[in-house]
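Colleague: These are the residues of each chain, in order.
Protein chains: 2
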Amino acid sequence: MLTFIGLGLYDERSISVEGREALRAADRVFAEFYTSRLVGATVDDLEAYHDVEIEVRPREGVEQDPGAILDAAAEGDAVFCTAGDTMISTTHTDLRLRAEERGIDTRVIHGVTAQSAASSLTGLQNYRFGKATTLPFPYAHGGDDVPQSVIDTVEANRERGLHTVVYLDIKVGTGPTGPDPDHEEYMTADVAAALLAEGWRDELAVVIARAGSPDAVVAADRLSALAERDFGDPLHLLVIPGDLHHVEADALVGLAGAPTELVGE
Amino acid sequence: MLTFIGLGLYDERSISVEGREALRAADRVFAEFYTSRLVGATVDDLEAYHDVEIEVRPREGVEQDPGAILDAAAEGDAVFCTAGDTMISTTHTDLRLRAEERGIDTRVIHGVTAQSAASSLTGLQNYRFGKATTLPFPYAHGGDDVPQSVIDTVEANRERGLHTVVYLDIKVGTGPTGPDPDHEEYMTADVAAALLAEGWRDELAVVIARAGSPDAVVAADRLSALAERDFGDPLHLLVIPGDLHHVEADALVGLAGAPTELVGE
Chain A
1 MLTFIGLGLY DERSISVEGR EALRAADRVF AEFYTSRLVG ATVDDLEAYH
51 DVEIEVRPRE GVEQDPGAIL DAAAEGDAVF CTAGDTMIST THTDLRLRAE
101 ERGIDTRVIH GVTAQSAASS LTGLQNYRFG KATTLPFPYA HGGDDVPQSV
151 IDTVEANRER GLHTVVYLDI KVGTGPTGPD PDHEEYMTAD VAAALLAEGW
201 RDELAVVIAR AGSPDAVVAA DRLSALAERD FGDPLHLLVI PGDLHHVEAD
251 ALVGLAGAPT ELVGE
Chain B
1 MLTFIGLGLY DERSISVEGR EALRAADRVF AEFYTSRLVG ATVDDLEAYH
51 DVEIEVRPRE GVEQDPGAIL DAAAEGDAVF CTAGDTMIST THTDLRLRAE
101 ERGIDTRVIH GVTAQSAASS LTGLQNYRFG KATTLPFPYA HGGDDVPQSV
151 IDTVEANRER GLHTVVYLDI KVGTGPTGPD PDHEEYMTAD VAAALLAEGW
201 RDELAVVIAR AGSPDAVVAA DRLSALAERD FGDPLHLLVI PGDLHHVEAD
251 ALVGLAGAPT ELVGE
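Respectively, the protein sequence lines represent chains A and B. Letter 56 of the first sequence, counting from 1, is numbered 56 in the UniProt record's numbering, and no numbers are missing. Letter 146 of the second sequence, counting from 1, is numbered 146 in the UniProt record's numbering, and no numbers are missing.
Just so you know, these hints were derived from the structure itself, not from any lab. Every residue gets a Cβ at the ideal spot worked out from N, C-alpha and C, and that includes glycine. You may find that some hints are simply not true.
Pairwise CB distance ranges, derived in the manner of DEER restraints [to be verified]:
hint : chain 1 : residue 1 : chain 2 : residue 2 : range
1    : A       : 105       : B       : 230       : 20 to 26 Å
2    : A       : 103       : B       : 44        : 47 to 53 Å
3    : A       : 254       : B       : 47        : 48 to 54 Å
4    : A       : 215       : B       : 254       : 40 to 46 Å
5    : B       : 141       : A       : 77        : 27 to 33 Å
6    : A       : 94        : B       : 228       : 27 to 33 Å
7    : B       : 51        : A       : 259       : 52 to 58 Å
8    : B       : 42        : A       : 254       : 32 to 38 Å
9    : A       : 53        : B       : 184       : 41 to 47 Å
10   : B       : 24        : A       : 105       : 30 to 36 Å
11   : B       : 64        : A       : 259       : 28 to 34 Å
12   : B       : 1         : A       : 21        : 24 to 30 Å
13   : B       : 201       : A       : 229       : 49 to 55 Å
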């Protein structure tokens, strides 16, 4: 059996009770932290809290050489875990399909995602979000500005009145000059706001820092103003609102400090 | 302090470890199950498992008379919980804003949402979903077919190649003839598929039944074929896929039994 467990957003207690029980009962526990990580817990913290040994795999060890994980799952109860929910992007779908092809049972124990938290913490309604996008580090896409695909996604959503989640780039194990096992870099919201403000200086945006943690910060202001602020430790993301329902506008003012003139009130 | 806790999708163990600890430590625990419910646990199950007394409130008791909840939060540690994540729709944003206005600290402990599970269980990538929609019972919108807003949302997403989550109507405490405390009705995926098949007979859709449970079912087929099947107990939802990335197509075939001719493979 191969069980995919989402660890949720922040620390060793963000996992579900069901996930915790499955983790403890597993014969072998694998994890990867190159797609995201828990900023409130180290691997040692996780191991101590859950009383398990965790085998952390780099990208090559999961994507090019999944054999060890599949063998463990064929022989006993193996767990593969990540921050957030393990399966919401297609990154690990291949691992699940390979397991099924080998006749290994699989199941998914969900974790809370940044997407849910973006809606929950801002008061922006989950029904009113369009397609999400990711803002890459300029060096990662070979330009020095915002890729056209990001601009197109935000504008296509806004034409329909919809909000856009803008995920911020994470580089773990790969740096500006290529593979580097020690490289760990998280785009912060002030940097992202500065990039986006080049085209949308006075547009309203909402920063969410450390979603899922006890000190989560939610701040709404003009992009140019957000670019001047410091939101502390990662992970950060941005939301570019579309049209605002009056309860959404109230929430951005009351929960995120939005200037009232920006929310049409 | 008023803590909003998402109970997650299925039963008493779908809550996060952090949420469980906050629930146990609270002076008073309120809950509502009219926006959604846990199909794998009764209120008695929740009370026994978490060793708390839960005061379940109907819609009027939350939305028109939130005073008792706010008083409890002013005097001690109060918890307000729901299935899924408490704050992803604007339904309870008003309660949070009222608390903040009274100077009561609030925090949110997230729960897993059906939106995350829809992506995670199907292998459809979270980045490739557009706006979501809800299919109401025909009697609830005064027609006998699919509202134009649902069709418009699916078509606008498909123009951009995006997937659509179609939530299915839940009626608790309100029936065809108005308020009724004993009424509990959940649209099932076969009924939804039959409604949608009137316009989109041979279109591919994906049913997700009992997301977050040990017996979750994921099934991809033509709408007209899904309309003939029985997916068991609620809750159900549907996804109408847009363009498929090749890993998404593989996932729909491998994990959801999609006929290969429907996924372009």
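Colleague: Any of the earlier hints contradicted here, and which numbers?
Modeller: Going through the list in order, the structure violates hints 2, 3, 5 and 7 and respects the others.
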